[in-house]
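Full structure from sequences and hints, please.
One line per chain: the protein sequences are A and B, in this order.
Residues in the first sequence are numbered from 1 upward in steps of one, following the working numbering.
Residues in the second sequence are numbered from 1 upward in steps of one, following the working numbering.
Hints should not be assumed to be uniformly reliable.
Some chain B residues near chain A, calculated using beta-carbon distances under 8 angstroms [said to hold, decoys possible]:
1. V35
2. H131
3. D245
4. T248
5. R254
Think about it this way: if two alpha-carbon atoms lie no more than 35 angstroms apart in a straight line, the pair counts; the simulated DSBU-like pairs of lysine-lysine are [stated by the list, open to error]:
6. A:K24 x B:K225
7. A:K42 x A:K30
8. A:K24 x A:K42
9. B:K267 x A:K24
10. B:K5 x A:K30
11. A:K42 x A:K57
12. B:K225 x A:K5
13. A:K57 x B:K267
14. A:K57 x A:K30
15. A:K2 x A:K57
16. B:K53 x A:K2
Everything labelled a hint here was simulated from the structure, so no lab data went into it.
Even glycine gets a Cβ: it sits at the ideal position worked out from N, Cα and C.
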Amino acid sequence: MKYFKLPDLGEGLQEAEIVEWHVKAGDQVKADQLLVSVETAKAIVDIPAPYDGVVAKTFGSEGDILHVGEPLLGYEGEADSGTVVGRLEGGGEEQADSFFVGAAPSTREHLAPRATPAVRQLARRLGVDLSGLSGSGADGLITRADVEAATQSARDKFGGDKLRGVRRSMAINMARAHAEVVPVFIAGDADLHRWTQARDPLVRLAQAIAAACEVEPVLNSWFDGKSLSIRQHEQLDLGIAVDTAEGLFVPVLRDVGARTAEDLKAGISRLREDVKARSIPPQEMMGATLTLSNFGTLFGRYANPVVVPPQVAIIGAGGIRDEPVAVDGKVEVHPILPLSLTFDHRAVTGGEAARFLKALVQALEQPEG
Amino acid sequence: MSNDKLSLLEAVNLALHRAMDEDANVVVLGEDVSVNGGVFRATAGLREAFGFKRVIDTPLAETMIAGLAVGMAAQGLKPVMEIQFMGFIYPALDQLVSHASRMRNRTRGRLSCPMVLRTPMGAGIRAPEHHSESTEALFAHIPGLRVVIPSSPARAYGLLLAAIDDPDPVIFLEPTRLYRMNPQALADDGKRLPLDSCFTLREGSDLTLVSWGASVHETLQAAVKLQERGVSAEVIDVACVKPLDLDTLEASVRKTGRCVIVHEAPKSCAVGAEIAASLYERALLDLQAPIQRVTAPDIPPPLYRLEQLYMPGVEDILAACETVLDYA
Chain A
1 MKYFKLPDLG
11 EGLQEAEIVE
21 WHVKAGDQVK
31 ADQLLVSVET
41 AKAIVDIPAP
51 YDGVVAKTFG
61 SEGDILHVGE
71 PLLGYEGEAD
81 SGTVVGRLEG
91 GGEEQADSFF
101 VGAAPSTREH
111 LAPRATPAVR
121 QLARRLGVDL
131 SGLSGSGADG
141 LITRADVEAA
151 TQSARDKFGG
161 DKLRGVRRSM
171 AINMARAHAE
181 VVPVFIAGDA
191 DLHRWTQARD
201 PLVRLAQAIA
211 AACEVEPVLN
221 SWFDGKSLSI
231 RQHEQLDLGI
241 AVDTAEGLFV
251 PVLRDVGART
261 AEDLKAGISR
271 LREDVKARSI
281 PPQEMMGATL
291 TLSNFGTLFG
301 RYANPVVVPP
311 QVAIIGAGGI
321 RDEPVAVDGK
331 VEVHPILPLS
341 LTFDHRAVTG
351 GEAARFLKAL
361 VQALEQPEG
Chain B
1 MSNDKLSLLE
11 AVNLALHRAM
21 DEDANVVVLG
31 EDVSVNGGVF
41 RATAGLREAF
51 GFKRVIDTPL
61 AETMIAGLAV
71 GMAAQGLKPV
81 MEIQFMGFIY
91 PALDQLVSHA
101 SRMRNRTRGR
111 LSCPMVLRTP
121 MGAGIRAPEH
131 HSESTEALFA
141 HIPGLRVVIP
151 SSPARAYGLL
161 LAAIDDPDPV
171 IFLEPTRLYR
181 MNPQALADDG
191 KRLPLDSCFT
201 LREGSDLTLV
211 SWGASVHETL
221 QAAVKLQERG
231 VSAEVIDVAC
241 VKPLDLDTLE
251 ASVRKTGRCV
261 IVHEAPKSCA
271 VGAEIAASLY
281 ERALLDLQAP
291 IQRVTAPDIP
301 PPLYRLEQLY
311 MPGVEDILAA
321 CETVLDYA
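Pasting the structure below:
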């Protein structure tokens, strides 16, 4: 409602008596239309409407005295919004104003583990879940000692023996290799019927690998996954996986391509003995450019051996066995050497690996001497 | 007027009508409050309803208005004084600090000072200098003063009635920017809201957003945005910045472990600092991340061209939320 107030009628008069209303609530009035007649001390004055509108309410009845500034008549509609300094944004979506006095109900059910930020940090580092702990401090406060005890008890719960030495290195290196390398595995067979003595293939294998490296030298490379760079080697330093009771050893046979069969044979026996005696110097087990696992001497046909970075491939030789082979439409029995090749597909293509394996097989299938 | 949709401004007006109607000791005084109905029309219609003697226009003299209110209150009236804009309040500080706040203490309980000081607060209405302050911390620091800031029509109505009932001085700050925003249905039922409680506007589990005054508006918008990202934010309107309902704040932060405080006042020594310090005292062991404050910078409110940069915006709030959520 907008108010029309009794105006100053002049001559210092502060009040007037209502004589007669000419409009009533609900009337549509026009500007300057006569609203009410009032009597002052001096005269009867007719008061006109200040503007168009619908009368919502009249104040005072005939005979009542009104003071200047008091409301005389109310128009329908919104009140005068004021002499605002600045600008008020109005409207906006109507929001249902629902709120809880004080805390929300869910806060009362909450019971979190209590720990200082430093202890939380420790728990995060040690991988301890605080919600599973009961604190030993005041009011259930989880202490540093509680977190440390929790890690200890997690270890105790599993039990077992801690890995040491070679086995520990194997666990770490294999996990690292598995996390990094993109391995692809292919297999093939070498027919050894031209060999006179076909039961100790290690020297021939080493030589054949050197021959295959001549064909596809990329297999004899190191690859760095972080900088994505590859380094091809001139000579073949072949790591030879040796099984011992203590674990896996991989001594390195140096510059295989440049050595004679006798030299290689002597070198291999020396490495084996050194490993057996645990007298092999650490540098003799470092720097292999390619690895051979001759697991067939134990058991097994094919395998997918693990490529250990920075090397890009590993060859597995299975056990030699007599197998029926089709020769010119007839079945003959030949000694067959099963070969496995795992390569890191980040550094080596499938074609390179297949050509390498083919070259390896061809070298092995040559007659001795 | 019941069940109409009312703005915060109309809710204030409605509460004033009701309080004056219920208690003949309630008087309203201030600059332009009577004949003009107040610069924003918060007191419109009061003089028509209750007459000159209870709705008093004063000279432009804030010290005098506050002094009058203190004297009236000490003698048994319940004055509701208006300071036209919060930036004009400083001349009244001496009366508030030296007399109103300590009347009860000074007289050992013989006298009290049941007055309410109403004033519009905050920026965002494109006003000139001195019209956009948020200095609630000045008053919150004074023992003996209550400081109340509503952020919705319903809370303005219920809190103003409670403030007028209260036997001690209450500074009642009305966010000007919200005066006409989001009108809502409001029954004139005379129900009071507690003066010593926060209001939880939105229940959540991942972090607690704490705000008051006009910034509650942006804080709620931020909570909606967070919900779209799958983050459940609890929103608490502090409403009574003195005394603080720390129990509610503590309980919420213990639940969520993360807290962002949003206010329009400059950062240094503001109420946000008090809340953060209190939460560190009480709930450190449950915190998952450092408490963040989103505030205006430590400068006077700028003229309106820069006003939107001055006030904390939804994006500022979301950035602070990301900071606290990043602590896994």
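Do the hints match the structure? See the list:
1. V35: holds, 6 angstroms
2. H131: holds, 6 angstroms
3. D245: For D245 of chain B, the interface hint holds, since the closest Cβ of chain A sits about 7 angstroms away, which is under 8 angstroms.
4. T248: holds, 4 angstroms
5. R254: holds, 6 angstroms
6. A:K24 x B:K225: Distance ~53 angstroms between K24 of chain A and K225 of chain B Cα, so the pair is violated.
7. A:K42 x A:K30: OK: K42 of chain A and K30 of chain A at ~27 angstroms, within 35 angstroms.
8. A:K24 x A:K42: Holds: K24 of chain A and K42 of chain A sit about 26 angstroms apart, inside 35 angstroms.
9. B:K267 x A:K24: violated, 57 angstroms
10. B:K5 x A:K30: Answer holds: K5 of chain B to K30 of chain A is near 30 angstroms, not above 35 angstroms.
11. A:K42 x A:K57: Holds: K42 of chain A and K57 of chain A sit about 27 angstroms apart, inside 35 angstroms.
12. B:K225 x A:K5: At roughly 49 angstroms apart (the allowed maximum being 35 angstroms), K5 of chain A and K225 of chain B break the hint.
13. A:K57 x B:K267: violated, 50 angstroms
14. A:K57 x A:K30: holds, 16 angstroms
15. A:K2 x A:K57: OK: K2 of chain A and K57 of chain A at ~10 angstroms, within 35 angstroms.
16. B:K53 x A:K2: holds, 22 angstroms
Checked against the numbered hints above, the structure violates hints 6, 9, 12 and 13; every other hint is satisfied.
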